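Asker: These are the residues of each chain, in order.
There are 4 protein chains.
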Amino acid sequence: MSLFPSKSRLAHIVFEHDDEASKNFDLIILVMIMASLVVVILDSEPSLYAKYHNEFLILEWILTGLFTVEYIGRIWLSKKKLGYIFSFYGIVDLLAIIPSYLSLFLVGTQFFVVIRALRFLRVVRILKLGRYMKEAEVLKTALKSSRPKIQLFLGTVLTIVLITGTLMFIVEGPENGFTSIAMSMYWAIVTLTTVGFGDITPITPLGKLLASVIMLLGYAIIAVPTGIVTSELTMASSQALKKERKTCRVCKTANQDIDSIFCKSCGERF
Amino acid sequence: MSLFPSKSRLAHIVFEHDDEASKNFDLIILVMIMASLVVVILDSEPSLYAKYHNEFLILEWILTGLFTVEYIGRIWLSKKKLGYIFSFYGIVDLLAIIPSYLSLFLVGTQFFVVIRALRFLRVVRILKLGRYMKEAEVLKTALKSSRPKIQLFLGTVLTIVLITGTLMFIVEGPENGFTSIAMSMYWAIVTLTTVGFGDITPITPLGKLLASVIMLLGYAIIAVPTGIVTSELTMASSQALKKERKTCRVCKTANQDIDSIFCKSCGERF
Amino acid sequence: MSLFPSKSRLAHIVFEHDDEASKNFDLIILVMIMASLVVVILDSEPSLYAKYHNEFLILEWILTGLFTVEYIGRIWLSKKKLGYIFSFYGIVDLLAIIPSYLSLFLVGTQFFVVIRALRFLRVVRILKLGRYMKEAEVLKTALKSSRPKIQLFLGTVLTIVLITGTLMFIVEGPENGFTSIAMSMYWAIVTLTTVGFGDITPITPLGKLLASVIMLLGYAIIAVPTGIVTSELTMASSQALKKERKTCRVCKTANQDIDSIFCKSCGERF
Amino acid sequence: MSLFPSKSRLAHIVFEHDDEASKNFDLIILVMIMASLVVVILDSEPSLYAKYHNEFLILEWILTGLFTVEYIGRIWLSKKKLGYIFSFYGIVDLLAIIPSYLSLFLVGTQFFVVIRALRFLRVVRILKLGRYMKEAEVLKTALKSSRPKIQLFLGTVLTIVLITGTLMFIVEGPENGFTSIAMSMYWAIVTLTTVGFGDITPITPLGKLLASVIMLLGYAIIAVPTGIVTSELTMASSQALKKERKTCRVCKTANQDIDSIFCKSCGERF
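Chains as they are written, first to last, in my numbering: chain A, 1375 to 1644; chain B, 1375 to 1644; chain C, 1375 to 1644; chain D, 1375 to 1644.
Okay, chain A solo, but in the shape it has when bound (with noise of 0.2 Å):
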């Protein structure tokens, strides 16, 4: 890497991800966005805060200063600059730098804290070009292709979540803690996910039996949504092997089996 960079060369490393310095730039913002969200992690520590709060506060204004920096870099190096401002990562990055500045004019920038939090996105497009490219092209296809399918599923999930709730709050009743069915339907997901934090808890003997039900439910419909992605998985990775095929080079059909002797549509010898 030369001294002093060209425009052109300084754009590749910022926008590319496929030699040393490009690379290495990709390694320190990570580096950078991770130390800035343990910052925000350590910060809202109450016994951190209490001593170091300050040190905190100085390290997130100097990590404020170099996102800004990469941020106005970046408008810099696009050729399309309002382009890359609108864009998804464009905003992201944005939002990575502007609840810091916000909080100097704003009280009680509590809320900000998930907003900092956002900039964890921001590693999702340095890993994006990395070598998880072709697994989450395959999870992507697999998930896309079971959405209809989960999303019946989901709608079966609630509406035994309004059942049951409704039902164990007439059951149950505020005496034992299921004081709405809002409260019961809550308690419903809670058992169903196999969760169970036991908050809220089944008194009577007929709850009992009906949590009974929905437990041995929750736990047998579990199959579903896995059998769902596993069964679209197969066939995805199925497909992704299935892939390797002939084209015919006289009739230039495509997707003929690689065991092919002749073309299957002009009968021509491979």
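Check each hint, because a few of them may be wrong.
Said to hold, decoys possible - Covered stretches of chain C (in silico footprint by chain D; criterion: 3 or more residues with CB under 8 Å from a CB of chain D, positions within the stretch not fixed):
(1) 1532-1542
(2) 1554-1561
(3) 1566-1577
(4) 1598-1604
These are calculated hints, taken from the structure and not from any lab test.
Since the model is a prediction, treat every value here as computed from it, not as a measurement.
Glycine included, C-beta positions come from ideal geometry on N, C-alpha and C.
Once you have looked at the hints, place chains B, C and D on chain A.
Answerer: Frame of chain A; chains B, C and D shown alone:
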């Protein structure tokens, strides 16, 4: 949509789901069902009940009126009126309006809340005819052919629950919360399904050992229903794919692409 | 059914399951077993014990009497009497009646409750010969071939439990409920299997971090037994489908593809 | 086995696992490891420590002595002594004896308990060469090829944990137990993995709503790692099966049984 649609046009709008007018009608009913469910849920919340019970009551009566109009309309528009009234959805539609009217004459109408929750079933009718049809079909096929295996699985689970429930009742005893075999069986279900409320937990070393075995068992046998459903789903999907293959009548090579014009083995024209 | 069926006819009714009379006999035994289990379960309920213990005792003795008659009848009807008595089901049948008689002579018969619960095993015999036979066979095959993989998996799980249990004992210590390595291992099982009773929970930050790792691990590795069983089930099912194979009428070579035109051993045209 | 086996015979017994003598040696070591682990576990139990600590100490020293003899023997019998000493298992063998000797000089040896638990790793060596070899191989292949997908999945899970953890910290706040972002993230992991200890639970309606979403998410996305592993396992198994098929050199029909003598399509002798 003309101002006064004909009766047959109205019947189309109400019973079919294939043009804009009928889809809008479905959407209105959907919103009304959702609104009535939200009213029931919010009205059960003590704090909201205290403040807004009258408002909820008015809303409930407006919606009941609309559902009544819809129900009478459906009867009027049906060709086979009795057929609709005694059909599954006809009864669900009636159940959606009856509780409100009954509550005028009967006190302690808490039980009607559940019946009102059944309105949710009306959503199923609307969705049933949407884009989820094909997915529902595949899921139904897979679940139907898994049914005997799942029943067998549930039988095994209940046997384990009965035996471990009895064992835990003897090992832990009433002094540790396992007050009866039924209670122990409830605990066994809570544990085996990995829900784990924590309202009853083993105290003695032997009870903890037994609990550990049940937990590991529950953790391992969850694999069985999942395996069953997945296996059936994969079969159902791949059978749907396999349905369309050709066989050469000369060389008898089977399993050729349905769009082939020449046999891939001997070059014979199909 | 004649009024006085012959002995061979009675033996058929008792031991076979293929006509109406024998199916009715099975059903009666099934109802009796279920009734006796319900009596045992209800009698263990303190409130019901106080009120109805005598009634339960009478019912128990009536059922024991009927089971005794059935047991003696089975011996009388067996061709190989000793063979039946010492067979698995013969012993189960005996265990179903012995506790009641022993309780006449022995005090503190709480342990007999478990033995009575074993009556449930008799249900297995009845169901075994019903319509679940084929499914049970496929499940058994799949589980048998998954066994070494599952054992390996359980070994890995126990290693994780031992190591994390020891680590948590040192990190959290007796003051936070992790009173011994055995207790920590119990906690590790509760956590890894995602049961999560909440009777013991990590208090220190390091303990919570370690617990997070174990939870994510448990969440991820549940995939392994599921994958194993599913994979084996898919194999077992597809192998069952493949069974429809041809046998050559000349050389008798079996297990040939159903689409073969020539025998793969002797070249005979099918 | 002669009274004084030769050195090469001893080396065979110690390092190989293929005849009776070497299998017995493995078994003895296995029992010794298990015994030493049981001693460590029981000694950590306060009530047993009070009564039997001296007995446990004596047992521990006897076992340490035997392990020491075994370790020295292994060095003596190795052809490449340094190779063994610095191999993975050589270090594990050394770690199995060192804590006991160090505890003579150092006080506060609680940390050595973990190192002693590492003795369990020695079991792996013994089992490794048993009948689980093939299964472990298939599992390893499947897990290796699932690794990038699983890493991607864990990354997604951690993103969800970070974002929901931050949201819950703001929604519920320190007064409801969500004392910091780190604590909230711990809670998010407990919830997403469906463990559900119940030591921290949402109190506010908004928190409960958010928790419900996370629980349903956790319940649904467990399907993804399961799908990944299952898909890979099925591939690995079916690829192992497919490896052995023939193709006819005349009619080019592929995928014929490996034991065929004549082509199943054209009758050509292979």
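Asker: Decide, hint by hint, whether the structure agrees.
Answerer: Checked hints:
With a cut-off of 8 Å between beta carbons, the segment 1532-1542 of chain C has 5 residues touching chain D; three or more are needed, and the interface restraint holds. As drawn, the segment 1554-1561 of chain C meets chain D at 4 residues by the rule of a beta-carbon pair under 8 Å; at three or more, the given contact holds. Remark: the segment 1566-1577 of chain C is confirmed as covered by chain D, as 6 of its residues place a Cβ nearer than 8 Å to a Cβ of that chain, reaching the required three. Here's how the segment 1598-1604 of chain C fares: 5 of its residues keep a CB closer than 8 Å to some CB of chain D, so the rule of at least three is met and the hint holds.
Comparing the model with each numbered hint stated earlier shows that all of them hold.
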